[in-house]
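First residue of the sequence shown: 1, per full-length UniProt numbering; consecutive thereafter.
No lab work stands behind these hints, which were simulated from the structure alone. You may find that some hints are simply not true.
FRET-style restraints, in silico, Cβ to Cβ [unchecked claim]:
1) 557 / 446: 42 to 50 Å
2) 428 / 549: 44 to 52 Å
3) 580 / 557: 30 to 38 Å
4) 66 / 386: 51 to 59 Å
5) 631 / 556: 47 to 55 Å
6) 549 / 429: 47 to 55 Å
Beta carbons are placed, not taken as given, at the ideal position from N, Cα and C, and that holds for glycine.
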Amino acid sequence: MSNPAAPRSGPSSAQYRQRHQGFLAGLANIMAKRNTPLPPALTGIPTPNYDPNTSQFKMIEPSPTETGCFRLAGRDIDLFKLWGLTIQQGGGSVIGNHGTWAAIASQFDLPEDLPQPHASGTTSSAHALQACYMLILAPFEDLYKKNVHDQQRKAQLSSRQGNVMNQRPGTPTRPGQGVANGMQSGFPNQMQRAQPGFPSANAVAPQTPHQGGTAPSIPQSSASTAHMAAPQSVDASNVGEGQASDTNVLEDIQGGIKRKLDSDDGEGKRARQKTGSELPDANAPVTPAPNSAPSQPLPTMTGPTRTRSQPLRRKIEYVPYAREVETYGGRDLKSIEAELGPHRERPLRDINDWGTVDIEAVTMSISSRISTELSYALTTLTILSTMKGQNPGSGFPLHQCGDLFDELLDLMEELALEGVQVQDTFQPSTTEIDIPTHRELVNAVYEAEAMPFAGLERRQGSADPGWGLRQRPGDTILMVLVIIRNLTMVGENIDFISQQHRLVDLLLRLCVVVREGASLRAFASALSLNDLIAVRKDTMVILSCIAGHIFFSNPSSPSKGTLKTATRLFQLCSSYIIDPAEAVSPMAYVELKGIPNHAPPSLADLSLEVFTRLSQLDSNRQVFAKAIPSASISILFSSLVHRLPISDFDFQVITRESWLSYLERVVMAIYSLAFLASPSLKNKLKGDRAIGFKGVMLRMIQKFLMHSNPDARNHYMVCARRAIEAMKVLDDGEDSFDTSKSVAPTMSFGMGWGEVGDANSEQGTGLLGGHRTLAWDLLMQREVFGDEVMFGELESLARVEC
Numbered sequence: 001m002s003n004p005a006a007p008r009s010g011p012s013s014a015q016y017r018q019r020h021q022g023f024l025a026g027l028a029n030i031m032a033k034r035n036t037p038l039p040p041a042l043t044g045i046p047t048p049n050y051d052p053n054t055s056q057f058k059m060i061e062p063s064p065t066e067t068g069c070f071r072l073a074g075r076d077i078d079l080f081k082l083w084g085l086t087i088q089q090g091g092g093s094v095i096g097n098h099g100t101w102a103a104i105a106s107q108f109d110l111p112e113d114l115p116q117p118h119a120s121g122t123t124s125s126a127h128a129l130q131a132c133y134m135l136i137l138a139p140f141e142d143l144y145k146k147n148v149h150d151q152q153r154k155a156q157l158s159s160r161q162g163n164v165m166n167q168r169p170g171t172p173t174r175p176g177q178g179v180a181n182g183m184q185s186g187f188p189n190q191m192q193r194a195q196p197g198f199p200s201a202n203a204v205a206p207q208t209p210h211q212g213g214t215a216p217s218i219p220q221s222s223a224s225t226a227h228m229a230a231p232q233s234v235d236a237s238n239v240g241e242g243q244a245s246d247t248n249v250l251e252d253i254q255g256g257i258k259r260k261l262d263s264d265d266g267e268g269k270r271a272r273q274k275t276g277s278e279l280p281d282a283n284a285p286v287t288p289a290p291n292s293a294p295s296q297p298l299p300t301m302t303g304p305t306r307t308r309s310q311p312l313r314r315k316i317e318y319v320p321y322a323r324e325v326e327t328y329g330g331r332d333l334k335s336i337e338a339e340l341g342p343h344r345e346r347p348l349r350d351i352n353d354w355g356t357v358d359i360e361a362v363t364m365s366i367s368s369r370i371s372t373e374l375s376y377a378l379t380t381l382t383i384l385s386t387m388k389g390q391n392p393g394s395g396f397p398l399h400q401c402g403d404l405f406d407e408l409l410d411l412m413e414e415l416a417l418e419g420v421q422v423q424d425t426f427q428p429s430t431t432e433i434d435i436p437t438h439r440e441l442v443n444a445v446y447e448a449e450a451m452p453f454a455g456l457e458r459r460q461g462s463a464d465p466g467w468g469l470r471q472r473p474g475d476t477i478l479m480v481l482v483i484i485r486n487l488t489m490v491g492e493n494i495d496f497i498s499q500q501h502r503l504v505d506l507l508l509r510l511c512v513v514v515r516e517g518a519s520l521r522a523f524a525s526a527l528s529l530n531d532l533i534a535v536r537k538d539t540m541v542i543l544s545c546i547a548g549h550i551f552f553s554n555p556s557s558p559s560k561g562t563l564k565t566a567t568r569l570f571q572l573c574s575s576y577i578i579d580p581a582e583a584v585s586p587m588a589y590v591e592l593k594g595i596p597n598h599a600p601p602s603l604a605d606l607s608l609e610v611f612t613r614l615s616q617l618d619s620n621r622q623v624f625a626k627a628i629p630s631a632s633i634s635i636l637f638s639s640l641v642h643r644l645p646i647s648d649f650d651f652q653v654i655t656r657e658s659w660l661s662y663l664e665r666v667v668m669a670i671y672s673l674a675f676l677a678s679p680s681l682k683n684k685l686k687g688d689r690a691i692g693f694k695g696v697m698l699r700m701i702q703k704f705l706m707h708s709n710p711d712a713r714n715h716y717m718v719c720a721r722r723a724i725e726a727m728k729v730l731d732d733g734e735d736s737f738d739t740s741k742s743v744a745p746t747m748s749f750g751m752g753w754g755e756v757g758d759a760n761s762e763q764g765t766g767l768l769g770g771h772r773t774l775a776w777d778l779l780m781q782r783e784v785f786g787d788e789v790m791f792g793e794l795e796s797l798a799r800v801e802c
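Construct the entire structure; sequences and hints are all you get.
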């Protein structure tokens, strides 16, 4: 076996690459038609029906640097070279019988033993190489050998017919002469076909050699069969370096294999059709060929003899070479994109490229309201807002430049209201708050854009043609909001931003939706509905960072401004939660989206986080209780209960961490609403069968506390404990903010319990009084028995009045 890396005279590297690509294309085509496609990373040929999960080639590791190679023992194994070396030895089955895989493995510098066992279970590199070859190239080898056999048979038949056609009267037939004449004619694949019912014009009687006996056999050393020689004659060194041997293996792959596949395709598009031939005269006599000895005389046909005016047209089957055209209309688009790409895609400037930025100059640029200065200032602040400090949670120090933050708020307020001080006519409601949902806003935008000539209609917030090059105010407002949102993400800026009460009030005014009949519009005249949706989302992100630092003042008798802020915060959070089409259980939401393993609704999850942080303090809950009417609290409470899991499929969905955190926020929001609800509203929510609060909460607590896996119960303890607390608060039916009741000590001035009384004694049947058996099972759980507070609350819920 010659060294594949040895230099030899042959085709250039470009020709080798062309043959290498042709080999990979033929291999990928064959395996794809066998419904066993190879990985595209291995052959470089895209295969649409390749599935990495079910493919039998998962054990093959494609080379990350070379196309047509796979990795074995840390080395790249070229499929083309492996094919040539194996075919030279007679094929994969012959090598397997003779045991020469070790010699082929040495050609790739493979060690004798693999560092790790192969996927096939062997530790020998030779056996692993054999397994890879039989998996990838064995089907290709079988089809190749079958094609070579068919081509040899056709060549022999064509040579015999060429020998008959080129004979002259009086010339004896010699062995091998037909093959030579067939090759001299230039049509080695020529085959004459006789019309049915008529003798062929060139038909002759069976011939007998001048020596007697049977017809001579075609030697394997003839010119035509040398071209289609057996694969044992392939030179492995030529295949390894891309230099063609006399057998021209790649022509067999690109030509013969392609014709074989096309003939087996069944469509018949490559079937040869007759292009025309002269039919011999039916009355013409059949004359035997010279030197032939027929066993019986041939019958003759009477009539005039007509000579053939022209030779028969011969069919030649060939596959033309075609060059792939990469131009479109004479233009090479790839070259054009390569030239324009560097100039069109400018790299982002590094933060250090800005040098020293004068914050006072940036502040003055914003204050000037000059378009060029304003553009420079906002662009600079956008870059600076993404700056990260050396310590975690540090970045652009906003607390050191309060004037800059005030200028940003002035700019946003001026553009939103277009310089007109609009009177905020907020009036607290005692019946119900109108809450346009997020889904209504999105549907309104879709309906407006679907109207005929929607682009020509002037709407609120659209650009005025008379402005010229002036930027639309809505875009500037959105850019300022992005800057504030980025600055809020920095931990050291949260305290400063949360103390800016003007910011929260301004953001809530921008988020106000005005309902005019069946249409909706933004309260800020500079904002369109599209801008309003983006502003509300950015506001929710800002509030999620500072909600824990917002404290309402004077909760016992809040001012009108405090009530207005609390009402608008409740409206904004509820708009993402109360929509009936989206307030569904986890499994119903996944089915609604149609995507398995879908994450919980992001906007609803964000609004729940804001509301739970705002309502975490009792003082803030007291303000919400005074600002929000009972009807609005009931709507939000019902929507939250509908989002809880109820079926077994729902509990399978919430096993993921994202859904579990979402469920914890839902239960925490239910507890906050139950806490701030009035006594009459608590009794109404407890007995409302349409909500089914008791059944949903009891099933969820049972699933969490009686889970079959003890380790999984710890993950659900937060939800279970908060659910029991919410049921306890709702079951008491008392005013949570009433502190007028005094609790006497158990022992006072020597008197016992009977003389003073027990203020903590509870009367009436508890919420779980009709489920005492299940309640006792829950009380006997280890996690409940070890938690004194949860045990006492659950026992109180299971009480029965005697």
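Consistency of the hints with the structure:
no.	hint	in the structure
1	557 / 446: 42 to 50 Å	holds (45 Å)
2	428 / 549: 44 to 52 Å	violated (25 Å)
3	580 / 557: 30 to 38 Å	holds (36 Å)
4	66 / 386: 51 to 59 Å	violated (40 Å)
5	631 / 556: 47 to 55 Å	violated (24 Å)
6	549 / 429: 47 to 55 Å	violated (27 Å)
Checked against the numbered hints given earlier, the structure breaks hints 2, 4, 5 and 6 and satisfies all the rest.
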